[in-house]
Amino acid sequence: MTELPLIGEAVAVAAHPRLAGAKIGVVTFPGTLDDRDAARAVRLAGATPVELWHAGTTLGDVDAVVIPGGFSYGDYLRAGAIARFAPLMSKIIDAANSDAKLPVLGICNGFQILTESHLLPGSMIKNDHLKFMCRDQVLRVENNTTAWTGDYAAGQEITVPLKNQDGQYIADEKTLDALEAEGRVVFRYVGFNPNGSRRDIAGISNAAGNVVGLMPHPEHAVEAGFGPELGSGTEGLGFFTSVLNKIVGDNK
Amino acid sequence: MTETPAVAAPAETTRKFNIDTVEHAAKTPDTELPWAELGLKQNEFDEVVKVLGRRPTGAELAMYSVMWSEHCSYKSSKNHLRQFGDKVTEEMKKDMLVGIGENAGVTNLGDGWAVTFKIESHNSPSFVEPYQGAATGIGGIVRDIISMGARPVAVMDPLRFGAIDHPDTARVMHGAVAGIGGYGNSLGLPNIGGEMVFDSVYQGNPLVNALAVGVMRHEDIRLANASGKGNKVVLFGARTGGDGIGGASVLASESFDDTKPSKRPAVQVGDPFAEKVLIECCLELFKGSLVEGIQDLGAAGISCATSELASNGDGGMEVELTSVLLRDPTLTPGEILMSESQERMMAVVTPENIAAFEAVMDKWAVEYSWLGEVTDTGRLIITWEGDVIVDVDPRTVAHDGPVYDRPYARPEWQDAVQADSFTGSVQDTGRPSAPADLAAAITELVASPNMCDKSWITKQYDRYVGGNTAMAFPDDAGVVRVDEETGLGVALATDANGRYTYLDPYHGAQLALAEAYRNVATSGAVPMAVSDCLNFGSPEDPDVMWQLAEAIRGLSDACMVLGIPVTGGNVSLYNQTGTTPIHPSPVVAVLGKFDDVARRTPSGWKEDGQAIYLLGTTAAELDGSEWSNMRGHLGGLPPKVDLEAERELGQILINASRDGMVDSAHDLSEGGLAAALVESSLRYGVGARIALQDVLDRDGVDLFTALFSETQGRAVVAVPRSEEIRFTDMCTARGFAHVRIGVVDAEGGTLEINGVETMNLDALREAHEATLPKYFG
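Protein chains in written order, with the numbering used here: chain B, 1 to 252; chain L, 1 to 777.
It should be emphasised that the hints constitute simulated quantities derived from the structure, not laboratory data.
You may find that some hints are simply not true.
[Unchecked claim] Computed list of lysine-lysine pairs in PhoX-like fashion (alpha-carbon distance at most 25 Å, straight line): (1) L:Lys87 to L:Lys640; (2) L:Lys606 to L:Lys459; (3) L:Lys75 to L:Lys41; (4) B:Lys126 to L:Lys454; (5) L:Lys606 to L:Lys454; (6) L:Lys363 to B:Lys91; (7) B:Lys91 to B:Lys101; (8) B:Lys131 to L:Lys774; (9) L:Lys27 to L:Lys41; (10) L:Lys232 to L:Lys363; (11) B:Lys174 to B:Lys126; (12) L:Lys93 to L:Lys78; (13) B:Lys131 to L:Lys454; (14) B:Lys126 to L:Lys459; (15) L:Lys229 to L:Lys287; (16) L:Lys78 to L:Lys50; (17) B:Lys131 to L:Lys459; (18) B:Lys23 to B:Lys101; (19) L:Lys774 to B:Lys126; (20) L:Lys94 to L:Lys75; (21) L:Lys287 to L:Lys232.
Work the whole structure out from these sequences, hints included.
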């Protein structure tokens with residue numbers, strides 16, 4: 001079975017050798033959908049993707065972790081509620097909170113899993129219009145000092161796909177105020193709030209900035225012609241190059 | 001009393017049912033059986049008795065009744081469908097790796113890649129329970145694709161609903177769209193296109209068709225057969241429940257007690273998570289070469305899977321039915337055999353691979369049970385706690401069902417309908433000709449239910465997942481990359497026009513094929529293969545049967561001319577309310593190939609100053625058109641079919657794409673040139689200045705006709721200045737009509753057509769986009 005070309009194995013990237021040495025884990029739960037896309041994004045950014053299985057008990061030697069989108073365990077209970085208890089998640093939670101502050105990116109269902117894991121505050125509920133929505137979404141990068149946004153300019157607007165059913169970010173006012181005050185609102189929806197999220201919040205980070213979660217899908221905007229029609233179509237690649245530069249910088 | 005009371009055998013004391021064994025059936029020939037309630041006709045039941053040499057057991061009756069149903073046996077259409085296999089040249093077979101008859105056909109893409117695709121209907125369940133009906137429609141067609149050994153890579157959904165303003169339409173529309181989205185989005189399959197038609201003929205019979213496409217390496221092609229004596233038969237995936245049993249409930253007389261759940265859904269209930277896991281699990285099985293044969297469980301469930309696997313392989317199989325894992329322990333053998341519970345697969349595994357197979361199941365937490373093994377006896381034996389309840393030649397169940405030559409005749413009313421042309425009819429009074437009226441007509445057209453913007457639907461579908469979607473709605477075809485290194489990919493389009501087919505079934509079916517072919521070529525892909533979903537009324541009505549026969553004859557003839565074979569499909573009959581059938585609706589899907597999807601051509605123009613050409617000539621063909629439909633008229637003859645012209649146009653569009661001669665191309669179909677110009681302008685919000693005088697002079701038509709006629713074999717393209725000479729030289733060399741009708745205007749924000757009041761793009765967009773939200777929220 002020649003599966004690999006489908007996940008982008010065959011795409012040759014002339015990566016900086018130091019970047020290619022960086023390993024970024026991509027977690028697969030039963031029901032994860034965008035894992036192969038996340039792996040492709042990692043590869044196109046110049047690093048080596050490492051498959052991580054939800055039932056695994058070790059992160060190996062990965063330098064960062066992406067928790068991709070999908071419907072883990074069908075999301076029949078509450079998005080991310082079951083995935084949060086997977087054996088691998090406890091390792092990710094420990095590593096993210098450790099002194100080494102492992103960079104973790106949660107996209108869509110991954111963001112939901114991160115809030116369920118309490119790595120990030122707040123929660124996602126059903127879109128205010130109650131329907132699944134797929135569209136090209138403009139975001140503003142509000143904080144470019146996190147592990148995943150360093151390659152963007154502060155205030156830069158990027159277009160990446162958004163597609164979800166349960167994307168309405170909510171938290172109590174005190175939490176929202178704290179997030180704003182601490183600069184932890186990393187992305188905001190621009191022009192159109194697609195799901196009723198509080199204060200147009202599209203993505204947030206933890207206090208240390210190593211854990212970032214967002215509902216839109218940067219991994220679907222990494223290759224021209226296969227992503228959004230607005231903008232360059234590759235405006236999500238910066239997430240992955242940002243973390244690589246951070247990893248390489250830290251290891252200097 | 002010293003005498004011991006008679007005690008039943010231990011096995012029987014624990015049984016919940018009176019089991020009608022083969023032995024018992026042989027001894028009780030006169031037992032009344034509910035064959036009529038199960039849908040069999042007297043002659044069919046007599047045939048079952050003849051085949052078996054005795055009366056069938058309850059379980060056997062269940063199997064025959066469901067496998068000999070119209071849905072599974074194609075008994076009314078089989079004699080006609082043969083033409084798809086017969087009218088095929090060697091040239092057409094060249095790239096066909098697997099033809100009609102398997103779960104789905106397989107076409108060679110080159111570089112060791114193969115593609116499989118198929119379209120199917122899930123019409124009546126989608127009327128009864130739109131969400132689950134549509135959801136399981138996606139689930140079923142995706143499992144057909146997995147069964148071939150392929151990774152599914154995209155889905156499409158041609159939809160036909162009742163009148164947009166009928167109170168029941170919103171129920172069906174909301175449910176079906178949410179079901180397709182809810183299921184398809186959860187599988188990680190991009191939805192890359194489809195159709196949406198509103199017509200009162202579909203009020204009680206909406207058409208929910210679903211297409212899936214998958215890709216694989218040649219060596220990974222799997223077929224549904226059970227070979228190798230001693231190999232094990234395994235059922236895996238979801239448990240078997242009481243959903244979708246339908247008629248089998250009359251066999252409840254088998255049951256001792258009446259404690260079972262009384263209300264069961266006639267429509268199957270889907271679990272997309274189970275299906276997603278099943279996809280990954282099957283691909284891992286294929287990767288390890290752990291299965292010898294595989295079959296999905298769809299209509300007729302275990303009856304179908306066992307009889308088809310056995311008859312396609314070494315001809316024998318033994319299965320213990322009590323090994324089936326159940327959701328509902330009260331199910332009788334007949335119900336288990338007929339259950340259409342979703343997300344199940346059956347496979348044949350060699351004894352050496354059992355451990356490895358089980359390891360894959362355990363990894364994905366998929367339940368499985370070993371049911372039995374392959375034999376070389378030529379018999380399908382099904383036991384219940386060891387007692388034989390089915391002993392049949394599987395071929396008689398799966399393949400040798402009844403075949404009918406249903407009487408058919410050209411309907412008496414056909415001549416009158418064809419004589420009733422739109423032109424000059426009452427509905428044709430006040431045809432617009434003044435500039436303001438023409439602009440209003442164009443706006444009305446693009447806001448009409450069938451021509452309006454469909455993003456209310458499509459934004460509920462994930463089109464990005466997988467990262468290989470190169471083009472999707474609203475472009476003419478959906479395009480998916482197969483090989484990331486080379487850009488090798490496929491394009492797909494589905495089309496049908498029920499009104500054309502009602503007016504003339506032979507040519508109407510050809511027009512559906514011509515349009516799908518044109519859509520694929522317009523995107524720049526080389527058409528390769530066809531799958532069709534034939535949605536018709538009752539075959540017992542000679543009028544309908546004639547429509548079906550004519551449509552199949554027309555489609556198969558046209559496939560020969562275009563040189564692309566039908567590789568699979570589905571027939572859906574009895575789509576009628578009372579004695580009123582739907583319009584005959586053959587939905588045709590065409591698959592095309594790209595050497596590099598980067599060469600795809602989108603349907604809208606972007607670059608200021610590019611020349612806009614109209615390819616093909618225009619005749620006065622308004623019968624059956626969207627315009628006549630808007631005016632409430634249906635009569636006359638559909639547009640003429642010219643397949644040679646379609647081929648030539650296709651070649652021009654493919655060459656133009658490959659050699660970078662056009663930046664946009666959009667085919668002309670429903671709504672004619674007016675719709676195409678508006679759509680190409682709205683695609684990227686870039687307008688154009690158009691003058692049609694040359695077209696009017698050359699073709700001898702008036703401006704209204706030039707804009708609204710639905711003459712086939714036409715397209716509009718935008719050509720970069722640098723490519724204009726090369727492009728026109730190519731058209732001239734091929735003798736294909738082409739005329740420059742205008743230029744792209746990126747500044748004005750308007751669509752200007754000489755003789756038509758200038759139309760503001762924002763206003764057009766507002767009209768185009770407002771229709772669906774107005775009716776559906």
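Results for each hint:
1. L:Lys87 to L:Lys640: holds, 22 Å
2. L:Lys606 to L:Lys459: holds, 23 Å
3. L:Lys75 to L:Lys41: holds, 13 Å
4. B:Lys126 to L:Lys454: holds, 23 Å
5. L:Lys606 to L:Lys454: The hint holds at about 21 Å.
6. L:Lys363 to B:Lys91: holds, 20 Å
7. B:Lys91 to B:Lys101: holds, 12 Å
8. B:Lys131 to L:Lys774: Roughly 16 Å between the alpha carbons, so the hint for Lys131 of chain B and Lys774 of chain L holds.
9. L:Lys27 to L:Lys41: holds, 24 Å
10. L:Lys232 to L:Lys363: holds, 20 Å
11. B:Lys174 to B:Lys126: Holds. Lys174 of chain B to Lys126 of chain B sits at ~22 Å (cutoff 25 Å).
12. L:Lys93 to L:Lys78: holds, 21 Å
13. B:Lys131 to L:Lys454: Given pair Lys131 of chain B, Lys454 of chain L holds - Cα atoms ~15 Å apart, limit 25 Å.
14. B:Lys126 to L:Lys459: Distance of about 16 Å is within 25 Å: holds.
15. L:Lys229 to L:Lys287: holds, 23 Å
16. L:Lys78 to L:Lys50: Holds: Lys78 of chain L and Lys50 of chain L sit about 22 Å apart, inside 25 Å.
17. B:Lys131 to L:Lys459: OK: Lys131 of chain B and Lys459 of chain L at ~9 Å, within 25 Å.
18. B:Lys23 to B:Lys101: holds, 15 Å
19. L:Lys774 to B:Lys126: holds, 23 Å
20. L:Lys94 to L:Lys75: violated, 29 Å
21. L:Lys287 to L:Lys232: Holds. Lys287 of chain L to Lys232 of chain L sits at ~19 Å (cutoff 25 Å).
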